[in-house]
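Engineer: For reference, the chains in residue letters:
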Amino acid sequence: MSDSAQFPAARQGPAGQVIAIEGLHKSFGPDEVLKGINLTVAAHEVICLIGASGSGKSTLLRCTNLLEPIDAGRISLFGQEITGGGIDQNVVRRHVGIVFQSFNLFPHMTVLRNVTLAPIKALGTPKAEAEAEARALLGRFGLAEKESDYPDRLSGGQQQRVAIVRALAMHPQIMLLDEVTSALDPELVAEVLEVISELARGGMTMLIATHEMGFARDIASRVCFLEDGILVEDAPPAELFSSPRDERTKRFLRRIIAAGRL
Amino acid sequence: MDDNQPGQADPVTGLPGPGSGRIAGDRTAGGAWMPPGSFASSGRGPKLFTGGGRRATAVSTISTLLVLAALAAIFLLAPGSKQVRHTFFDPQDMWQSFIGNPRKGYYSVGAAIWLNIRMFLAAEILILILALLLALVRQSASPALFPLRVLAMIYVDFFRGVPLLLVIYAVGFGLPALRLTFVSTQPLAVYGVVALVLSYSAYVSEVYRAGLNSVHQSQVSAARSLGLSQLTALCYVILPQAVRNIVPPLLNDFISLQKDTALVGVLGAIEANQAAQIYASTTFNYSSFTVAAILFLILTIPLARFTDRLIARDRRRRLAGATR
Chain A
1 MSDSAQFPAA RQGPAGQVIA IEGLHKSFGP DEVLKGINLT VAAHEVICLI GASGSGKSTL
61 LRCTNLLEPI DAGRISLFGQ EITGGGIDQN VVRRHVGIVF QSFNLFPHMT VLRNVTLAPI
121 KALGTPKAEA EAEARALLGR FGLAEKESDY PDRLSGGQQQ RVAIVRALAM HPQIMLLDEV
181 TSALDPELVA EVLEVISELA RGGMTMLIAT HEMGFARDIA SRVCFLEDGI LVEDAPPAEL
241 FSSPRDERTK RFLRRIIAAG RL
Chain B
1 MDDNQPGQAD PVTGLPGPGS GRIAGDRTAG GAWMPPGSFA SSGRGPKLFT GGGRRATAVS
61 TISTLLVLAA LAAIFLLAPG SKQVRHTFFD PQDMWQSFIG NPRKGYYSVG AAIWLNIRMF
121 LAAEILILIL ALLLALVRQS ASPALFPLRV LAMIYVDFFR GVPLLLVIYA VGFGLPALRL
181 TFVSTQPLAV YGVVALVLSY SAYVSEVYRA GLNSVHQSQV SAARSLGLSQ LTALCYVILP
241 QAVRNIVPPL LNDFISLQKD TALVGVLGAI EANQAAQIYA STTFNYSSFT VAAILFLILT
301 IPLARFTDRL IARDRRRRLA GATR
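As they're listed, the protein sequences go chains A and B.
The opening residue of the first sequence carries number 1 in the numbering used here; numbering runs sequentially from there.
The opening residue of the second sequence carries number 1 in the numbering used here; numbering runs sequentially from there.
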């Protein structure tokens, strides 16, 4: 079960599209949360999903990581459909990293073990190699001192940075970030956003659900506005924030500005 | 009772002890600041009914001694005291029943307790495995496992509802009566272990289930999102957290199991209680039961202390990160 055999395009040039979502529908019981989403993410693109709580941003990310089964439509990774039958979900997930709002670190493991568990158990990386790499990653994000600590001894910002490192340790082709600063105290938001900016500078492909409008404007190649499960507008940030075309986008941005968040 | 004087290091954690009678969140006597609601400094969870300090220790010591003296006086001054002491606490009889004497027709209680220990160890391992399987089946969500889920539920309901003694009778007398090869020709203790496993695995599976439920679904998401298989996520992420949460009730059930090995004696297996029974009916002296009781205490008390230490160690290990 070689990865390159399953996703041959993974090694192709940066021009290729990483994720393609077509006509995605998802319901929870009678609630239709996603009503036909179309979205493609090219390599090295950073796409920010904005929209009110409940607009479907998180569900879209969870579907892309296959944590939620979809009702209709298709999602492709490097041109190969991953939502059909005969796909090993675990192999897909190694390529698609996700970071959650509530960190979800493993509380019974040290920081180092949190980071190395999946490389060792899912990729079969030798322990020494996985640890060396984890230490390098932790060092890069200012967490070198914390490797032997348990998560409950870390600040929220540190925990979220560890969660990002944990996802990076799998060498994902794309990172999905699900409101990763929403659970943080205001003074801890900056350190996590800085990590994401660094990833963007390094060329990481990212799909980011966020309420940080200023951050989206600075970092995104495209911003997508979702409302009630519909992708209303998809435009470069300068365009979407300064001259939104759709009435619903305008209304949302007016509310955001009135709240002083842009 | 309260051996933690203010400012004194906690003997278990080596950390400053809590200032007695003061509110957590205060600067404790040891100087380390603990956030409100943090019981970390005690290493054993919240301490209730604290207060007093040195004076309280003296009061509690004196009151304990007074109560013990009163109980001893009642026992010694009771009209039948001499008789009871002779029947239950005769040193000569206690020693005789402990070492046993085959020529006089009774077994050594001290030797018979080994059968309890062996039955306990065998049953414990089998219970841990069977109960985990039962819990996992009951927690599964796959439609394909629906029939198994129903069977597991019936099993648990049945064996939790039927008294252990009846299960021991049914297995111990029923299986041999079938006159099958192998199944009907086992030593009595084996039937005892089978009955204990049937009954206790039903209880313990419910403990496991509570433990599994105590691990948040987001932990499953986190593990699976990293590409870990269901089995890997279960073994490395879910179960370790679940088991950590249920160690005290689990060991509590095992303390109970240690004692219940005595029930297997009804089949005629020579375990400690049965050996004591034989001694009593041979010599008309019940001191052998006192010996059996002491031996059971020697078994169960270390397990209880071990449980405490395990919990304290887990806490301490998590605390280690704070001091680094």
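For the record, the hints were derived by calculation from the structure and aren't laboratory data.
Fair warning: this is a prediction, and the values are worked out from it, not measured in the lab.
Mixed in with the good hints, there may be bad ones.
Label-pair ranges, simulated between beta-carbon atoms [unchecked claim]:
(1) G124/A with A144/B: 24 to 30 Å
(2) D152/A with R160/B: 34 to 40 Å
(3) E194/A with A144/B: 44 to 50 Å
Ideal placement from N, C-alpha and C gives every residue a C-beta, glycine not left out.
Engineer: Decide, hint by hint, whether the structure agrees.
Structural biologist: Going through the hints against the structure:
1. G124/A with A144/B: 24 to 30 Å: Cβ of G124/A to Cβ of A144/B: about 29 Å, so the range 24 to 30 Å holds.
2. D152/A with R160/B: 34 to 40 Å: Holds: the Cβ-Cβ distance is about 35 Å, inside 34 to 40 Å.
3. E194/A with A144/B: 44 to 50 Å: With Cβ atoms ~47 Å apart, the hint holds.
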